[in-house]
Each structure stands twice: as structure tokens, then as C-alpha cells.
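Listed below are the residues making up each chain.
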Amino acid sequence: MDWDWNFVREIMPTLIQGVKITILATILGSILAAIVGLGIALARRSENRLVARSVSWFAEFIRGTPLLVQLYFIFYVLPDIGILLPPLVAGVIGLGLHYGTYTAEVYRAGIDNVPRGQWEAAKACNLNGRHTWTHIILPQAIPPMIPALANYFIAMFKETPLLSAITVLELMNQAKSVANTYYRYIEPMTLVGAFFLVISLCSVVLLRWLEHRYGRIER
Amino acid sequence: MTQWSGYLGLILQGALVTIELTLMGSVLALIMAFLAGMGRVSRFFIVRAIATAYIEFFRGTSIFVQLFWAYFVLPFAGLSLTPLQAGVLALGLNVGAYAAEVVRGAILSVGREQYEACTALNLGRWQGMRHVILPQALLVMLPTFGNNAIELLKATSVVSLISLADLTFQAQVVRSQTGSTLMPFLSVLIIYFALALIISWGVRTLERRMARGLDGVRV
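Those sequence lines, one after another, are chains L and S.
Its first residue numbered 1, the first sequence is counted upward by one per residue in my numbering.
Its first residue numbered 1, the second sequence is counted upward by one per residue in my numbering.
No false leads were mixed into what you were given.
The following label-pair restraints were derived from C-beta to C-beta distances:
no. : chain 1 : residue 1 : chain 2 : residue 2 : range
1   : S       : 127       : L       : 8         : 48 to 54 angstroms
2   : S       : 109       : L       : 202       : 27 to 33 angstroms
3   : S       : 178       : L       : 24        : 32 to 38 angstroms
4   : L       : 126       : S       : 8         : 58 to 64 angstroms
5   : S       : 82        : L       : 13        : 33 to 39 angstroms
6   : L       : 121       : S       : 45        : 49 to 55 angstroms
7   : L       : 51        : S       : 208       : 29 to 35 angstroms
Covered, in the sense of this in silico footprint (three residues per stretch, anywhere, with C-beta under 8 angstroms from a C-beta of chain L), are these stretches of chain S:
no. : stretch
8   : 57-70
9   : 155-162
10  : 169-182
11  : 186-194
Computed from the model, here is a short list of chain L residues facing chain S with C-beta under 7 angstroms:
no. : residue
12  : 65
13  : 66
14  : 68
15  : 72
16  : 73
17  : 77
18  : 80
19  : 158
20  : 161
21  : 165
22  : 185
23  : 189
24  : 192
25  : 196
26  : 197
For the record, the hints were derived by calculation from the structure and aren't laboratory data.
All values reported here derive from a predicted model rather than from experimental measurement.
Virtual Cβ for every residue (Gly too), placed ideally from N, Cα, C.
Could you put together the complete structure from these sequences and hints?
Structure (C-alpha cells):
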């Protein structure tokens with residue numbers, strides 16, 4: 001096993017192309033997961049029992065099955081019913097849906113943590129349902145859950161290599177293709193691993209800071 | 001219809017491989033979790049450092065990268081693994097790192113008075129751990145271990161990408177042979193979900209059995 005720096009220099013531009021897509025997928029997936037999670041959390045609190053139960057089951061089902069198979073499902077089954085998605089879009093939808101079911105739990109805990117008095121005060125001030133949510137509940141519920149949400153976004157980032165299975169040209173796929181071209185696996189694979197490790201270690205610092213900044217509720 | 005039964009047989013074969021991987025991976029993960037988790041609370045700096053490095057490394061790099069590294073790079077170091085061995089190794093070490101933090105948290109969650117009681121009864125460090133601390137900590141760990149086992153089950157789908165014939169792999173085989181997409185992927189999703197339900201049911205049952213006779217002790 002010998003490490004060749006020249007080869008590293010040669011493949012770097014290709015890998016950086018992949019890094020861009022990886023980061024793009026993570027950001028878009030995070031945004032989608034944040035929205036889907038809020039949607040699921042709100043739907044589960046719905047007055048309509050049928051909506052609440054079916055959304056609950058759907059979320060449970062998605063959380064109990066592998067992301068890879070869900071990606072295949074989106075990528076291969078949807079075109080058969082006429083929805084043709086580019087790989088990156090399919091990947092982002094898969095990531096967003098899968099992690100949305102996780103962030104839904106974070107939202108649920110955050111919303112449950114808002115004291116009852118706030119709901120009652122909103123009612124006393126004659127706010128309607130939408131205003132209660134947008135002006136009273138969510139502004140208080142969301143800041144304390146930012147660290148937990150960030151945690152799931154980092155977990156999602158580490159799952160982005162799965163997108164290579166549905167032909168998204170992200171970091172892992174670029175690494176695999178250069179590895180197959182030159183039949184040298186050591187450098188590309190190790191670099192991908194190092195990249196993920198560095199980002200994860202940095203994100204630990206970021207998480208600490210977020211916990212410090214948002215972890216407590218000021219009263 | 002007769003055709004489908006043949007393909008269903010193929011998928012069930014894949015299910016067996018998935019179950020086998022999940023079981024073997026869980027055993028390795030459990031061993032690593034206790035080694036590293038107890039290493040994290042060790043008296044010796046060097047043991048703590050090794051355990052921390054292991055945990056941070058395996059939690060920081062994605063499971064996908066670890067699997068590819070084990071399968072493609074290790075042969076260059078003279079260590080050739082079969083796909084099954086690489087799969088069990090990567091899954092066990094990865095999930096073991098997550099579970100190690102659970103072990104550490106559970107050991108630290110046991111009250112101070114229990115440690116003081118061990119000292120008062122003149123139990124050695126190991127005796128106290130074995131007879132007093134771990135039996136109580138184990139109950140705290142169990143629910144999270146269940147979640148970790150489900151994460152491991154979901155992660156097994158990744159081994160299909162190193163050509164191990166698990167559920168996901170067989171779904172792809174059926175897809176490419178029949179051109180049908182909905183049937184293979186939907187049935188595979190349902191099987192994964194059923195397996196996840198079995199795991200969470202099993203863990204709940206185990207928790208109930210282990211909690212027997214501890215009613216007065218648990219807070």
C-alpha cells in the first residue's frame with residue numbers, strides 16, 4: 001500500500017466537483033427536511049384523527065425503512081407513473097423526506113415544550129389558529145430545537161454518499177469513477193473518508209456553539 | 001402470477017442475508033459498544049483516548065465510506081475480505097461507535113449513591129461494575145440499543161452496493177429482470193419495515209422482562 005501525492009493532485013479537481021454537489025444536496029435536503037418535518041409535526045396534531053393517524057403511520061414507515069431503497073423507489077418507480085426526476089432532485093426529495101420524519105420528532109418535542117400558559121394567553125388575546133402558531137408558538141418552540149435539528153442535518157450529510165447509487169455525481173461517485181479509471185482505490189477512498197471526518201469534527205464545534213447559543217430558553 | 005412467486009423467493013433469499021447481516025453486525029456492535037463505552041469512563045488516560053478516537057472516527061466518517069474502504073482499500077494492504085465480512089465489519093464498527101456513547105451515558109446515569117454503596121460494601125471496581133452498576137445501566141441502554149439495531153438493519157441495505165445479495169440487491173435483480181419497479185421495491189420496503197417492527201417489539205419485551213423486580217429501584 002503506497003500513497004502517491006502526484007495522483008492525489010491529479011484527482012483533486014474531480015473530487016472538488018463532487019464536494020460541491022455533496023454540499024448542494026445537503027443544503028437542499030436540509031431545507032426540505034425542515035419543511036417536511038414541520039408539516040408532519042403539525043399534521044400529527046391535526047384535529048382530524050384520520051389525517052393525524054395516517055401521517056403518523058407514513059412517518060413511522062419511512063423511518064423504519066432504508067434510505068437507499070427509498071431513493072431507488074423515487075428514482076425507478078416514479079418515472080413509471082409519469083414523473084421523471086433528474087437524479088439530484090430525486091436524491092434531495094429522498095433525503096428531505098427521510099430526515100423530515102426525524103426532524104418531525106424534534107419539532108414535536110419543541111412544540112410540546114411551549115408552556116400551556118402561552119396557548120391560553122393566545123386564546124385570551126383572541127388570536128386565531130394561524131396567528132397563534134406564527135406569532136406565539138413557533139417563535140418560542142424553534143430556537144431551542146436548533147441544535148437537535150443541526151444534529152440531524154449533519155447525519156444527513158453523512159448519508160449523501162448513498163446518492164451515488166442513483167447516479168448523482170457527488171463526492172463518492174466521483175471518487176469511485178476515478179478509482180475505477182486508474183484502478184487505484186487507496187487515495188480516492190481515503191480522501192473521501194478524510195473529507196467526511198474533517199467536516200464532522202468541525203460540525204462538533206459548531207454544534208457546541210449552537211447548544212450554547214440556543215440551547216436554553218430565556219425567560 | 002406463477003412468475004411472481006419465483007421472484008418472491010429470490011427476495012426472501014435476500015431477506016435471509018439481510019437478517020444474517022443484521023444479527024452478526026449487532027453482535028459485533030454490542031461487543032464494540034461495551035469495550036469503547038466502558039473505555040470512555042476508564043481511569044486510564046490512554047484507554048480513554050483510544051476509545052474516544054475510535055468513536056469519533058467511526059461516527060465522523062460515513063458508513064458508506066467505511067464499507068467501501070474495507071472492501072476496496074484493505075485488499076491493497078494484503079487483507080482481502082469477502083463482501084459479507086466487509087459488511088459485518090463496517091456495520092458492527094460503525095453502529096458500535098454510536099452505541100458506545102449510549103453505554104457511556106447509561107453508566108454515568110447511575111446515581112452517585114450507587115457507587116458510594118459499592119465502596120461501602122467493599123466491592124472492587126470490577127465487582128461493583130458487574131453486580132451493581134451494569135445491571136441498572138443495562139435497562140437504561142436497552143431502548144436506545146433497539147433504535148441502534150433498527151439503524152443497523154437500515155444500514156445493511158448499503159452492502160448491496162458491494163455486490164452482497166441482500167434484500168436491496170435482490171430488488172434490483174428483480175427490477176432488471178422483469179422491468180417491473182413497483183412490486184420489487186414496495187415488497188422490499190414492507191419486509192424492512194416488518195423486520196424493524198420485530199426488532200422494536202423484541203426490545204420492548206426484553207425491557208419488560210429485565211425490569212421485573214426492579215420496580216423499587218427505578219426512579
